[in-house]
Amino acid sequence: MKKVITGDHAVAIGAKLCRVEVVPAFPITPQTLIIEHIADFVSDGDLDAKFLTMESEHSVMSAAAGASAAGARVFTATSSQGLAFMHEMLYATAPLRLPVVMANASRTLGGPPGIWCEYNDSMGARDSGWLQLYVEDNQEALDMVIQSFRIAEDKRVLLPVMPCLDGFVLTHTVEPVDIPEQEEVDSFLLPYEPDIILDPKRPAMIGTFMPSEYIMELRRQTAGAFESAKEVIRQINSEFAQKFGRDYGGLIDTYMMEDAHTALITMGTVTSTSREVVDELRRKGEKVGLIKLRFFRPFPSNELKKAVSHISALGVFDRSISYHGGGPVYNEVRSALYGMTMPVINHLAGIGGRDVTKEQIMKMFELTQKAGKGEKVNDISWHNTRGETN
Amino acid sequence: MITIKELSDDNLFTAGHTACPGCGVAMSIRNAIRVLGKDTVVYVPASCAVVFGTTFPYGAWKVPFFHTAFENTGACLSGMQAAFEKKGKKVTVVGFAGDGGTYDIGLQSMSGAAERNDDVLYICLDNEAYMNTGIQRSGGTPFGAWTTTTPVGNVVQGNRRFKKNLGDIVAAHEIPYYATLSIGQPLDFIRKVEKAKNMRGFRFLHMFTPCIPGWKMDPAKTVEVTKRAVQSGMWTLYEIENGDKRITYKPGKMKSVKDYLMMQGRFRHMSEEDIKKLQMWVCKKWNLHYKEKGAPDVCEILPPVEHHAVTEEHREMHGP
Amino acid sequence: MAAQTLAEAAVSEGNYAVAFPYFGAERRGAPVLAFTRIDSKKIFSKTQVYAPDCVVVLDDSLLDTIDVVAGLKPKGMAIINSREKPEDIDLGKIIDTATVNATSIALEILKAPITNTAILGAFAKATGIIKIESLEESIKRKFGEKLGAKVGERNALAAWTAYERTITGKSRGVKKLEARKQWLPTHQEIPVGGCLIEGKTDAGLIGPGSFIENKVSGWATYRPLRDKAKCTMCLLCWFYCPEGTIVRISDRGDLMTNYDYCKGCGVCANECPVDAIKMVRARI
Ligand SMILES: Cc1ncc(C[n+]2csc(CCOP(=O)(O)OP(=O)(O)O)c2C)c(N)n1
Ligand code: SF4
Ligand code: SF4
Ligand code: SF4
Ligand SMILES: [Mg+2]
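As you go down the protein sequences, you meet chains A, B and C in turn.
In this text, residue positions in the first sequence follow my numbering: the first is 1, and each later residue adds one.
In this text, residue positions in the second sequence follow my numbering: the first is 1, and each later residue adds one.
In this text, residue positions in the third sequence follow my numbering: the first is 1, and each later residue adds one.
Over 12 Å on every C-beta distance to chain C, these chain B residues come out as not near it, computed from the model:
#, residue
1, His173
2, Gln279
3, Leu288
Mimicking EDC-like on lysine to aspartate or glutamate, the simulated pairs with C-alpha atoms at most 20 Å apart in a straight line are:
#, chain 1, residue 1, chain 2, residue 2
4, A, Lys201, B, Asp9
5, B, Lys89, A, Asp195
6, B, Lys5, C, Asp251
7, C, Lys215, C, Glu178
8, C, Lys215, C, Asp59
9, B, Lys86, A, Glu153
10, B, Lys284, B, Glu272
11, B, Lys87, A, Asp48
12, B, Lys87, A, Asp186
13, B, Lys86, A, Asp44
14, A, Lys201, C, Glu198
15, A, Lys155, C, Glu189
16, C, Lys200, A, Glu213
17, B, Lys87, A, Glu193
18, C, Lys200, A, Asp195
19, A, Lys363, A, Asp279
20, C, Lys181, A, Glu213
21, C, Lys42, C, Glu13
22, B, Lys253, B, Glu292
23, A, Lys373, A, Asp259
24, C, Lys175, C, Asp59
25, B, Lys87, A, Asp46
26, B, Lys89, A, Asp199
27, B, Lys86, A, Asp199
28, A, Lys306, A, Asp259
29, B, Lys89, A, Asp48
30, B, Lys86, A, Asp186
31, B, Lys197, B, Asp10
32, B, Lys90, A, Asp199
33, B, Lys89, A, Glu193
34, A, Lys201, B, Asp39
35, B, Lys90, A, Glu193
36, B, Lys195, B, Asp39
37, A, Lys155, A, Glu239
38, C, Lys170, C, Asp67
39, C, Lys142, C, Glu13
40, B, Lys86, A, Glu193
Simulated from the structure, these hints should not be mistaken for laboratory data.
Beta carbons are placed, not taken as given, at the ideal position from N, Cα and C, and that holds for glycine.
When you get a sec, could you build the whole thing from the sequences and use the hints?
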């Protein structure tokens, strides 16, 4: 069934289709619509879940941890300051291997406050042990909530997953979304059946104080789960494609890359706009292509290496700054491509929710192409930023 | 009502844990869990109890144990309870939080769970300071007490604020049950734990739990010091059930706070003036709790009976 | 405290020294570990000490369970708080050993079984690494600052007394102490997320309730003796014991104290309404 809905609504419907059992919630723009929709589902009897109105995001993630450890399928959503506020608890859920799924409506974090899209909220949590993925439209938002639960609860992974959707650009934008049938989702995502939970019939200790003799092995184990997650993500992507007819490509997606000379790596909704830019440039005969970084954790180093093996220059889009000079994605990409000789340059844009226009994306391609021809361009460009000349 | 004799022999919190000798927290946990029984799931926030009760791969708990952080007992309990309810499982969901984890950093989370009236049992193990980090002041630290962050200096001596009135804060949430407990009154202790276990909604048990190094006292006196706290009015035993407050143990004639203070190195530096100040605070509390309607205020204190010197051992270990 | 005081004394003699504790999780009274490194030049190493020149043991009951000289250098020395002579102490190796009854010195002078200053006197005597005079100074300074001059002086006296009573010799090397087994899973073996259910490993129980294999009797200086004739079976001691040491036996008709878990707190003796329990020294 097709419905014209916001990204937040799509996420909420995704959660409902997953038959989530416990939803601790706290409002924050631009995520609030998600929990409001879920509250409606529960109040109307469309979703049989415990909806908990917590008094803070820290408590949201604490309740999520408790409910997950007690064996429930747990969903919640947050954004920006909320994600920062629960930061400590992100580090509790992941190493304890509690497969919570939480949507993050990407929003600028910190002072001065704003409410529009930026990735500095989720980027700050990139080493908390959560899987992170970024979607480009409302359909993908819904579909990835469903896939997230599959990935999170897979015994080879057992890690929390954070699907991120661009604040306002998706959360508050309506577009047509194909809503899968409940039965189809039920056969794709079986009930959550963890091995060890808090159960008086078989007592367990979860989250014990842990001396240095053990923590290192535990971290290594979690790192291993991130490695396994890559294969799981690919598998689940294929399975999903077969069942629902939508193939997202797995860890990355590519567009017009086969014969491309120049490519741009993008995330989130900028990918969507960039598709049209690539089309336009292609019409002009320029061999440009697009790589959509879908998963930022685990980081798809091998996929990227393969995707760019034949091109002469690579641009990397970043929607936040990491104060080493460029953005965090740029950093990761360069280290993934270590040893390759092509120029890799960074394009910072859209920070604080500034609109990322086609002209800006054109410019990104233009600068990257120049670098590919050996012309001198800045390693890091701030697009559409007053006082900057690129 | 269960008596001591009828208590279970199950050691659901086993021997071999690593609390200090004489620990009042360990003593209270052991007896609480004896009453609560095995259909219990426990959350313990960061505190001494987390460390002495579990150290990977070992643990003293024989009921399910969960820990994640310091300030989130209320929220974790709510989440656990929601999951059990959804799954149709009947278990007693219990949190054992310290005073720091309740009066201070965990107040908001506790308040959330209380206000939602979530069906959980919240136990505060009040040893009147942050003990796990080495004895720092909390909102539950009494007036005059030495802690490492309220040191006895040349200019300022000990904690300058009176103990936060947590009971009224919790009760203001209009929850089904709030009670204060002391291990020195075993029957009252057992009865309240049993009662809380059998009620529904948010229940709060506030346990007075001496700490040996934190209070700088002789480990043998753990129980005795709680008795003196009650006799002097420093700790009062009552319960508030659906808004009705009831004194559950009324001591005889009020004893001087000195009786209580002198047992503990943390108060030894207190000036006569400060002791008087504390005594006035206690008198006010005493009248509030114990005075019959219309009767005149009392503050007639029996002279201190016996002065317990702090032993050499404690002075050496923990300073004067 | 002893490790730090030793470092201070070494520095006062113009050396460089570092001292640090091993941060264990156990509370007061549990066996603890501390390290001191002394050198004539600046010490850069920030790791724990694995092959010491000297091992100082403050509680000889540890000798039964821990191979205290496991990492000791071949020419190293052991200094042990014990009433025995070196020749009567079996360390599993014949090595230079010094003994002193620091506990009785501490009880005599400090009126408490706190042996860390006394044992330093033995260290000065046996190793000669520091002079007893420098030790005296740093003890006075360190304890004096915190606890008053009188306490400082008494602790210095304890060190001097131990210095004078230290006996040096060679240990015996008969017994074979097996290293205490510890479960050390690989990252593939460690349960997912460190979540444990009841389990058994080569090294013993793990998971819920497994602390039961942790014998804590070594913490106790005193232990309770119950006079069965006086006991009225009121069960207060059973109720109050924070350890779960006292258990009901004979169909709940009698009590038994399992000394493996008794930390000697004395609560049971203090609370017994008929004074049926006396605390006695656990060892001399
Ligand atoms: C967010 C956070 N801040 C600080 C700490 C350090 N910390 C751990 S336990 C503790 C004190 C606990 O005090 P209390 O709750 O009174 O329990 P007690 O140890 O006294 O029983 C502190 C400050 C922490 N774990 N987490
Ligand atoms: S420090 Fe206090 S509360 Fe902590 S284990 Fe020791 S006696 Fe108990
Ligand atoms: S001395 Fe303490 S630990 Fe030992 S039996 Fe008595 S109460 Fe228990
Ligand atoms: S407290 Fe004394 S009288 Fe009561 S059971 Fe124990 S030993 Fe017997
Ligand atoms: Mg405390």
